[in-house]
Amino acid sequence: MAHLSYEESKKVVFKGLIFLGVITIVEVAIALLAKGQIIEGFHLNKTFYSILMAVFSLIKALYILGEFMHLKYESKALRVGMAIPLILLVWAAIAFSQDGYTFEQRRERSGDEHFPEKPPVAEHSLHDVAH
Amino acid sequence: MTEHTTVVEEHPEVDYGQAWQGGDKPLKASYGKLMMWYFLLSDAFTFSGFLIAYSALRFNSSTWPEADFVFSTFPGGFHHMPLIFVTVMTFILILSSVTMVRAVQEGQRENQKGVAFWMGLTILGGLSFLGCQAWEWTNLITKEHVSLYTNPFGKYEADGVYINEDGSEGETFRAGSGYLVHKHDGHWAPKKYKVTSGPEAGTIKTQVFGPRAFGALFFVITGFHGFHVFSGVLFLLIIMLNVISGIYKKRKNGYEMVEKIGLYWHFVDLVWVYVFLVFYLL
Amino acid sequence: MENNSLLIDDEKLLKENGYDDHFHDHHHDEDPYQSNFFSKYVFSMDHKMIAKQFLITGMFWAVIGAAMSVIFRLQLGFPEDSMTWIKPLLGKWIVIDSAGVGHLATEFYYALVTMHGTIIVFFVLTAGLSGTFSNLLIPLQIGARDMASPLLNMLSYWFFFLASVIMFLSLFVSTGPFAGGWVAYPPLSALPQASSGSGMGMTLWLISLTFFVVSVLLGGINYITTVLNLRTKGMSMWRLPLTIWSFFITAIIGLLSFPVLVSGFLLLMADRSLGTSFYLSEIFINGHALDNVGGSPILYQHLFWFLGHPEVYIIILPAMGIASEVLSTHSRKPIFGYKAMVISIASIAFLSFLVWAHHMFMSGMNPFISNFFVIFTLIIAVPSAVKVFNWISTLYGGSIRLNTAMLFAIGFVSMFISGGLTGIYLGNSALDIQMHDTYFVVAHFHIVMGVAAFFGMFAGIYHWFPKMYGRFMNETLGKLHFWGTMIGAYLIFWPMHYLGLAGVPRRYYSFDVFDTFSQFSDLNKFITVAAIITFFLQIVFIANFFHSIFFGKKVKEKNPWKSNTLEWTTPIHAGHGNWPGNIPTVHRWPYDYSKDGFDFIPQIQPPLAGETENH
Ligand code: HEM
Ligand SMILES: [Cu+2]
Chain A
151 MAHLSYEESK
161 KVVFKGLIFL
171 GVITIVEVAI
181 ALLAKGQIIE
191 GFHLNKTFYS
201 ILMAVFSLIK
211 ALYILGEFMH
221 LKYESKALRV
231 GMAIPLILLV
241 WAAIAFSQDG
251 YTFEQRRERS
261 GDEHFPEKPP
271 VAEHSLHDVA
281 H
Chain B
335 MTEHTTVVEE
345 HPEVDYGQAW
355 QGGDKPLKAS
365 YGKLMMWYFL
375 LSDAFTFSGF
385 LIAYSALRFN
395 SSTWPEADFV
405 FSTFPGGFHH
415 MPLIFVTVMT
425 FILILSSVTM
435 VRAVQEGQRE
445 NQKGVAFWMG
455 LTILGGLSFL
465 GCQAWEWTNL
475 ITKEHVSLYT
485 NPFGKYEADG
495 VYINEDGSEG
505 ETFRAGSGYL
515 VHKHDGHWAP
525 KKYKVTSGPE
535 AGTIKTQVFG
545 PRAFGALFFV
555 ITGFHGFHVF
565 SGVLFLLIIM
575 LNVISGIYKK
585 RKNGYEMVEK
595 IGLYWHFVDL
605 VWVYVFLVFY
615 LL
Chain C
12 MENNSLLIDD
22 EKLLKENGYD
32 DHFHDHHHDE
42 DPYQSNFFSK
52 YVFSMDHKMI
62 AKQFLITGMF
72 WAVIGAAMSV
82 IFRLQLGFPE
92 DSMTWIKPLL
102 GKWIVIDSAG
112 VGHLATEFYY
122 ALVTMHGTII
132 VFFVLTAGLS
142 GTFSNLLIPL
152 QIGARDMASP
162 LLNMLSYWFF
172 FLASVIMFLS
182 LFVSTGPFAG
192 GWVAYPPLSA
202 LPQASSGSGM
212 GMTLWLISLT
222 FFVVSVLLGG
232 INYITTVLNL
242 RTKGMSMWRL
252 PLTIWSFFIT
262 AIIGLLSFPV
272 LVSGFLLLMA
282 DRSLGTSFYL
292 SEIFINGHAL
302 DNVGGSPILY
312 QHLFWFLGHP
322 EVYIIILPAM
332 GIASEVLSTH
342 SRKPIFGYKA
352 MVISIASIAF
362 LSFLVWAHHM
372 FMSGMNPFIS
382 NFFVIFTLII
392 AVPSAVKVFN
402 WISTLYGGSI
412 RLNTAMLFAI
422 GFVSMFISGG
432 LTGIYLGNSA
442 LDIQMHDTYF
452 VVAHFHIVMG
462 VAAFFGMFAG
472 IYHWFPKMYG
482 RFMNETLGKL
492 HFWGTMIGAY
502 LIFWPMHYLG
512 LAGVPRRYYS
522 FDVFDTFSQF
532 SDLNKFITVA
542 AIITFFLQIV
552 FIANFFHSIF
562 FGKKVKEKNP
572 WKSNTLEWTT
582 PIHAGHGNWP
592 GNIPTVHRWP
602 YDYSKDGFDF
612 IPQIQPPLAG
622 ETENH
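Protein chains in written order, with the working numbering: chain A, 151 to 281; chain B, 335 to 616; chain C, 12 to 626.
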């Protein structure tokens, strides 16, 4: 490790273990809380929950990149060189998801909201039962 | 790759102006390490392709199974342990990443024994992760009958009450809770239920399959990740044998090969963060 | 401008100023790279030989791809005429009707169109262009002995070769090669029963292209790290020739876009053979609904074009780099706006990842998101225009040598302008409603990508042939080739704009059922005749190429074009390691033409006494 002594870097490893472990536990705990597994009937707002989880994951990912993969100690050019391409994915994620959502909306508007999946047994087809 | 590349030597760090002026490594990394970084960047785009496709298909579905319902079994016949098993898997992977870091650090001190030891532990971690994944897949496929084209996990849109065979009312359930369409004697046995809330209150319905994209995406994406873990274990094994045989000791470059495979291994861990996020948390 | 005699001799500079990397200490006579026929010509790890392998394989495919287009153009231009004469070649794909007239089988027409696109886009203009010239020029122009990893470089070629063999085999399966368009949209590509080519043909297509991606990635990783780490002393990034800049950025684009195609392909393979429904939903075949539900065919289109659009820049950027270098050398003027050129290449690369869905305006995609794609698309026109402006300014006032390489480079600029302008029409989603999937699009991309990239490639071949083979190509034949191709290409593709504006759809086997298009039957004949003539002109090129390898005029001096870049400081027949002694060191940028009374000042010349500003 270029910038840390051997003893220091050994400590970083240990800290990393604790850090990632704790975040994972917190994530799972919040997930269970959010979905009403801990307190009957209590649910977290979906959007808020999703953003929270995405942020936690980002922190974990950055930690792995920075400390474990050592990117934090690499040259600035390498860091920037890795970061710029990843930015491209943001627009891709937005566009793909938004388009998937459009499709779902169209189906719903056309009255087929339970399309696509049918009940597993033919004689109990959804439409026979519902109408 | 290195055996054949000795002909093309990078220029030693000559004192010639700034790094970008040529005759030097502007990113302060050997080309071998850079190659690994760029490979990982491209691999990150492969995974992103999958995860973004997942996102599109999930938004494309009007309903999606609840992860805390789907992933709630634990080896040994335990049920109702939501997300516990996958948390264990995540820990195993984190631990193996940590041992990998230790291996790299020992490599930088040119400590041959230390490298081999920590790499051994990393391989163990990788194998245990693969074992866990094998169990999880087996459980989903054989016990719960999820496959690439059927997904018996669904989610109720409204409150309701089950209707027994004899027409009497059974247990009640809440909107948003998950269900698994069971299979009896090789036949699907969806339950009937009466809706008790919302606009459709009073109608009798039969459980339907959940969106099949769920199962397919799960197997394809975790499978692709598992394949990376598997090949990682193979590479680790080969490199560990080379460490033991003393090849890298002779090279006197701080066990750079170990560092490169370390990058790959951490990357697999990093991808898992996102697989974990989309399949198990969201 | 004859003071060039005042410059110091190359050999002397190499000896005294060069950099000794002790390369030749470990490589004596029995160089393992060149020791026998196989290691020298077949499994070669020398970048110059690998470049030639890419080039020749690319030429092989170019002939096949172009011949295919002639056959389907015959159908379009002369739908009534008998094609029985070609039955010996095509066999059962020529169907003889009751009157004894042979017609091209419809399925095979689609297969030809599909294979033509796939082959030209991937095998010729990606592997044949960027593969050839990145390999040839990167080590030579940055002053390196070879690529960072010669082994991976060799593998890159052999994966391409494997992909080629598989695609070639697919031409001979009894159900025919894949026939669903080079973009391979589902459901035609996802359901093996969808059409005759969707079975075995499509399977081979997928396997072949997957190997192809491996080849691109192996090559790309190598090009990037080589450019970063192996530049010789003094070769700063801002002294790289524009060729190298364009290969470097092309490799980065490839590295980021092809993997996404792989994910799309893997999902497609699962749909084809594992029964998943990633891209399939609500499909009826013969009145029966398929069981596949819940997928989205548009998802495939997104994944494909996330590669597809960057891919068109993977094709055109190397051509741009080559054109810049050739234009500057042969007009004896520094390239105009060097930094602006580099920044344009980089911003085109970045933007090319934001615009992919302009190919999907009519797919049923959310029209609101289309707006963003329109905006990003139109922004790309800015750096493209900057480049065009700079090329023209480079020519302005130069002492132009109109040799074949230069003619093709100028032709490149012309084609890029004509085709780029129609891109701006298509980039507006409202206009695209009318023009999507018509011959207007065909005209657009053939001019801007097809012909322009071919011209870049031709310019490169004529310019660097002396470096590759130590001989010149025949200039007279070259000029015939240029003028014929230039005029021919415009005659083929220009009229297609009118067809497209009138609404003639692309990929149709016949327009019999559209009365309104019968007015174009003469125009279609005209296009076909032009295409045939242009095709046969390419034979002139191929004959010239192979003849010149053995019998061309010999190169007598190391630097026949009086060019500044480093490849011309190597011996006429450079061996493995490129420079027999030291590698050169660099003291200036590559574009010191007509400076301070010197005709040209090569990059290895140290600053001269009293020289004005040195880059
Ligand atoms: C100013 C720059 C450009 C703009 C605004 C532009 C815009 C477009 C648009 C909107 C389409 C889709 C048309 C449709 O299918 O309805 C298209 C098609 C296409 N463009 Fe461009 N383009 C530009 C430059 C280029 C360049 C430089 C290349 C290649 C080097 C290129 C290659 C293609 C190809 C291959 C297609 C058709 C693909 C297919 O459907 O088979 N374009 N262009
Ligand atoms: Cu495009």
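Don't read these hints as lab results, they were simulated from the structure. All figures in this text were calculated on a predicted structure; none of them were measured in a lab. Some hints could be false.
Selected chain A positions facing chain C (Cβ under 8 Å, derived; list incomplete) [unchecked claim]:
| id | residue |
| --- | --- |
| 1 | Tyr156 |
| 2 | Glu158 |
| 3 | Gln187 |
| 4 | Ala233 |
| 5 | Pro235 |
| 6 | Leu238 |
| 7 | Trp241 |
| 8 | Ala242 |
| 9 | Gln248 |
| 10 | Gly250 |
| 11 | Phe253 |
In silico lysine to aspartate or glutamate, DMTMM-like type, Cα no more than 25 Å apart, as pairs [said to hold, decoys possible]:
| id | chain 1 | residue 1 | chain 2 | residue 2 |
| --- | --- | --- | --- | --- |
| 12 | A | Lys222 | B | Asp358 |
| 13 | B | Lys489 | C | Glu293 |
| 14 | A | Lys161 | B | Glu444 |
| 15 | B | Lys586 | A | Glu224 |
| 16 | B | Lys586 | A | Glu158 |
| 17 | B | Lys586 | A | Glu157 |
| 18 | B | Lys477 | C | Asp607 |
| 19 | B | Lys525 | B | Asp493 |
| 20 | A | Lys165 | B | Glu444 |
| 21 | B | Lys526 | A | Glu258 |
| 22 | C | Lys536 | C | Asp448 |
| 23 | A | Lys222 | B | Asp377 |
| 24 | B | Lys489 | A | Glu224 |
| 25 | B | Lys526 | C | Asp302 |
| 26 | B | Lys489 | B | Glu499 |
| 27 | A | Lys226 | B | Asp377 |
| 28 | A | Lys196 | B | Glu491 |
| 29 | B | Lys362 | A | Glu158 |
| 30 | A | Lys226 | B | Glu491 |
| 31 | C | Lys26 | B | Glu534 |
| 32 | A | Lys222 | B | Glu491 |
| 33 | B | Lys489 | A | Glu157 |
| 34 | B | Lys489 | C | Asp448 |
| 35 | B | Lys583 | A | Glu254 |
| 36 | B | Lys362 | A | Glu157 |
| 37 | B | Lys586 | C | Asp302 |
| 38 | A | Lys196 | B | Glu534 |
| 39 | A | Lys160 | B | Asp377 |
| 40 | B | Lys583 | A | Glu224 |
For every residue, glycine included, the Cβ atom is placed at its ideal position computed from N, Cα and C.
- Query: Once the shortest beta carbon distance from glycine 250 of chain A to chain C is found, is it less than 8 Å?
  - Reply: 7 Å, holds
- Taking the least C-beta to C-beta distance, is proline 235 of chain A closer than 8 Å to chain C? Holds. Min distance 5 Å.
- Query: Is the straight-line distance between the alpha-carbon of lysine 196 of chain A and that of glutamate 491 of chain B 25 Å or less?
  - Reply: Cα-Cα ~16 Å, so holds.
- Query: Are lysine 222 of chain A and aspartate 377 of chain B close enough, with their CA atoms no more than 25 Å apart?
  - Reply: Judged against 25 Å, a Cα distance of about 20 Å means the pair holds.
- Query: Given the hint that lysine 160 of chain A pairs with aspartate 377 of chain B, does the C-alpha gap stay at or below 25 Å?
  - Reply: 29 Å, violated
- Evaluation of the interface hint that places leucine 238 of chain A against chain C, nearest CB under 8 Å: Holds, because the Cβ-Cβ distance from leucine 238 of chain A to chain C comes to roughly 4 Å (cut-off 8 Å).
- Task: Assess, step by step, whether the Cα of lysine 489 of chain B is no farther than 25 Å from the Cα of glutamate 499 of chain B, and give holds or violated.
- Result: Since the Cα atoms of lysine 489 of chain B and glutamate 499 of chain B sit roughly 22 Å apart, the hinted pair holds (cutoff 25 Å).
- Item | Agreement of lysine 161 of chain A and glutamate 444 of chain B with the hint, judged by alpha carbon distance not exceeding 25 Å | 19 Å, holds
- Satisfaction of hint between aspartate 358 of chain B and lysine 222 of chain A, Cα-Cα up to 25 Å: Since the Cα atoms of lysine 222 of chain A and aspartate 358 of chain B sit roughly 21 Å apart, the hinted pair holds (cutoff 25 Å).
- Message: Please check whether alanine 242 of chain A passes as an interface residue: C-beta within 8 Å of a C-beta belonging to chain C.
- Response: Nearest chain C Cβ about 6 Å off; hint holds.
- Task: Please verify that hint: glutamate 158 of chain A, Cβ, nearest Cβ of chain C, below 8 Å or not.
- Result: 29 Å, violated
- Task: Below or equal to 25 Å on CA atoms is what counts here, so check lysine 526 of chain B against glutamate 258 of chain A.
- Result: 24 Å, holds
Violated hints for the displayed structure, listed by number in ascending order: 1, 2, 3, 4, 18, 24, 30, 31, 32, 33, 34, 35, 37, 39.
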